[in-house]
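Listed here are the chains, written in short residue letters.
2 protein chains.
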Amino acid sequence: MVWAGEIGDGYKMLFEVYEKIYESKNLQKIEIFRTKFGKMLLIDGCIQLIEKFEKTYHEMLVHVPMFTHSNPRKVLIIGGGDGCTLREVLKHNPEKVVMVEIDKEVIEACKKYLKLDNGSFENEKVEIIIKDGISYVENCKEKFDVLIVDGTDPNPTSMSLFSREFFLSCSNITDIFCMQSQSPAFQEKLIKTIVKNTSFFKNRAFYISCIPMYPFGIWSFLIASNKLEVRPNYNELRTKFANKRIETEHYTPELHVSAFNLPKWIAKLLT
Amino acid sequence: MVWAGEIGDGYKMLFEVYEKIYESKNLQKIEIFRTKFGKMLLIDGCIQLIEKFEKTYHEMLVHVPMFTHSNPRKVLIIGGGDGCTLREVLKHNPEKVVMVEIDKEVIEACKKYLKLDNGSFENEKVEIIIKDGISYVENCKEKFDVLIVDGTDPNPTSMSLFSREFFLSCSNITDIFCMQSQSPAFQEKLIKTIVKNTSFFKNRAFYISCIPMYPFGIWSFLIASNKLEVRPNYNELRTKFANKRIETEHYTPELHVSAFNLPKWIAKLLT
Chain A
49 MVWAGEIGDG YKMLFEVYEK IYESKNLQKI EIFRTKFGKM LLIDGCIQLI EKFEKTYHEM
109 LVHVPMFTHS NPRKVLIIGG GDGCTLREVL KHNPEKVVMV EIDKEVIEAC KKYLKLDNGS
169 FENEKVEIII KDGISYVENC KEKFDVLIVD GTDPNPTSMS LFSREFFLSC SNITDIFCMQ
229 SQSPAFQEKL IKTIVKNTSF FKNRAFYISC IPMYPFGIWS FLIASNKLEV RPNYNELRTK
289 FANKRIETEH YTPELHVSAF NLPKWIAKLL T
Chain B
49 MVWAGEIGDG YKMLFEVYEK IYESKNLQKI EIFRTKFGKM LLIDGCIQLI EKFEKTYHEM
109 LVHVPMFTHS NPRKVLIIGG GDGCTLREVL KHNPEKVVMV EIDKEVIEAC KKYLKLDNGS
169 FENEKVEIII KDGISYVENC KEKFDVLIVD GTDPNPTSMS LFSREFFLSC SNITDIFCMQ
229 SQSPAFQEKL IKTIVKNTSF FKNRAFYISC IPMYPFGIWS FLIASNKLEV RPNYNELRTK
289 FANKRIETEH YTPELHVSAF NLPKWIAKLL T
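Chains as they are written, first to last, in this note's numbering: chain A, 49 to 319; chain B, 49 to 319.
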């Protein structure tokens, strides 16, 4: 038997590999495997997604900020090369989506071998820019309604995605900012950095979700804004969700509200 | 490096072992290791607990049913040989707790080497009975306010804990019944069995929690009653929680309510 997955500090999360579908090593090491739980994408040894569970992550990353904004027409995605975040954003029928991914090969491999983007890369509303997200945001003159950071675990390529400078630049070009903010179970230091470096936002909240495909299965997200409320209003969410008729497999307005009720130990970590 | 943990169908969840603290193989294989995340208890190769995360499980298994009942004085625990469920139950200051554990060695090893019971085994309100939980419940003439099943993953020793006969026997001797009902991420068949075999309960609800120490990190629980409401009432919970002054690290009344808002794919599985 062949096994692949994530090997971290003191833990291993491995899956039996039925087939290696893709591998390359240029800017980052990209691997796609077939497992009992569907296709699995690894970047630099970190699990990005497993097919069976990917919606638990992408739906919470996307629909929470998209439903928090009253009318998200222009959306910016940083990262998200597998196309799943893009796929979920497009369900809201925005006017324009810009996706800035640093690694062209991730997009190409995922389009060809993962096929979870559901044709999103070809959507005429979508502009794909192959560039470092940091420098894109720094120099961006456009304004967006929602900005979503769908980054990998910190590595030399992605570490600056956690800097105060980057968060400040983001806050200047969007109404709602949202990012995956790593695992409260084993990345306490990194989370503390995120908490510190986003403290300037006028409104800020963390929410969590069970994400079975990531080590320890619990993941945190940050939503922030200098303009708008970011804490959920259930009645508004329910109405919007009913009106927009968006198909989900994980997200519900009730889950959206619940996700902000943090376990005590996580709330402690995030303040 | 030495690794230990759980090897399932298509997945492995392993932890670096700093030290093997205990091992025995009689009724069940019991192992206790020291890892980066604290002590880890395995029974028959299944992770029972990891010190850093054990409260995410035990607090949700115990405080949800205990706060659902208006005044839980008599409590029955089936399983729970590590003593953590007992420890949490005792925080509610009940009059009497009976704990029925099939494997004496689990209790002895955990008391001596795990030391997470916080002296609960010696508490004068506690009666420990070494016996098969199924036959205990079948022949039990006593009535309890709350009955909690803290069983291991199904193995030859514990499989009958999922039978309709067992659930029926439980319903006859308790107001509130609660059990850990396995993982919606990879034990779909077993969950379907639980759903079917508990359908006779007048009131029944499932809730979930992120449990980082178990494979895929998401776990389900069942709470049921033929007499009482089992769905949470937030205002009541908040008052009880404030009055009882119970110290928790994970549980809050808000989290209790949120836990019943299931992700769509899990709600589907549980109906």
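These are computed hints drawn from the structure, not numbers from a lab.
Just so you know, not all the hints are guaranteed correct.
Identical copies carry no separate label here, and so any pair may be met within one copy or between two of them.
[Stated by the list, open to error] Each computed DSS-like pair below joins lysine-lysine, with the alpha-carbon atoms no more than 25 Å apart: (1) K237 x K139; (2) K160 x K77; (3) K60 x K100; (4) K179 x K240; (5) K77 x K60; (6) K100 x K179; (7) K240 x K292; (8) K163 x K84; (9) K240 x K250; (10) K139 x K316; (11) K144 x K275; (12) K159 x K60; (13) K84 x K240; (14) K84 x K60; (15) K100 x K237; (16) K160 x K73; (17) K173 x K159; (18) K160 x K60; (19) K237 x K84; (20) K292 x K312; (21) K100 x K163; (22) K144 x K240.
**OP:** Give the relationship of K160 and K73 under a CA distance limit of 25 Å: within one copy only, between copies only, both, or neither.
**Re:** within (17 Å within a copy, 50 Å between copies)
Original post:
Checking K100 and K237: alpha-carbon separation at most 25 Å within a copy, between copies, both or neither?
Top reply: between (29 Å within a copy, 16 Å between copies)
Original post:
Given identical chains, is K240 near K250, meaning Cα to Cα at most 25 Å, within a copy, between copies, both, or neither?
Top reply: within (18 Å within a copy, 46 Å between copies)
Original post:
Should K160 paired with K60 be assigned to within, between, both, or neither, using CA atoms and 25 Å as the limit?
Top reply: neither (28 Å within a copy, 28 Å between copies)
**OP:** Indicate which option fits the pair K77, K60 if close means a Cα-Cα distance not exceeding 25 Å: within, between, both or neither.
**Re:** both (18 Å within a copy, 22 Å between copies)
Original post:
Can you tell me if K60 and K100 fall within 25 Å by alpha carbon in one copy, between copies, both or neither?
Top reply: both (19 Å within a copy, 17 Å between copies)
Original post:
Under a CA distance limit of 25 Å, which applies to K237 and K84: within one copy, between copies, both, or neither?
Top reply: Answer is between; shortest inter-copy Cα gap is 15 Å, intra-copy 33 Å.
Original post:
Between K84 and K60, at a C-alpha cutoff of 25 Å, which is it: within one copy, between copies, both, or neither?
Top reply: The answer is both: 17 Å in one copy and 12 Å across copies each meet 25 Å.
Original post:
Should K240 paired with K292 be assigned to within, between, both, or neither, using CA atoms and 25 Å as the limit?
Top reply: neither (36 Å within a copy, 32 Å between copies)
Subject >> Same-copy or cross-copy closeness of K160 to K77 [CA-CA at most 25 Å] >> reply: within (17 Å within a copy, 46 Å between copies)
Original post:
Between K84 and K240, at a C-alpha cutoff of 25 Å, which is it: within one copy, between copies, both, or neither?
Top reply: between (35 Å within a copy, 20 Å between copies)
Original post:
Should K144 paired with K275 be assigned to within, between, both, or neither, using CA atoms and 25 Å as the limit?
Top reply: within (21 Å within a copy, 55 Å between copies)
Violation of the numbered hints given earlier is confined to hints 1, 4, 6, 7, 12, 18 and 22; the remaining hints are satisfied by the structure.
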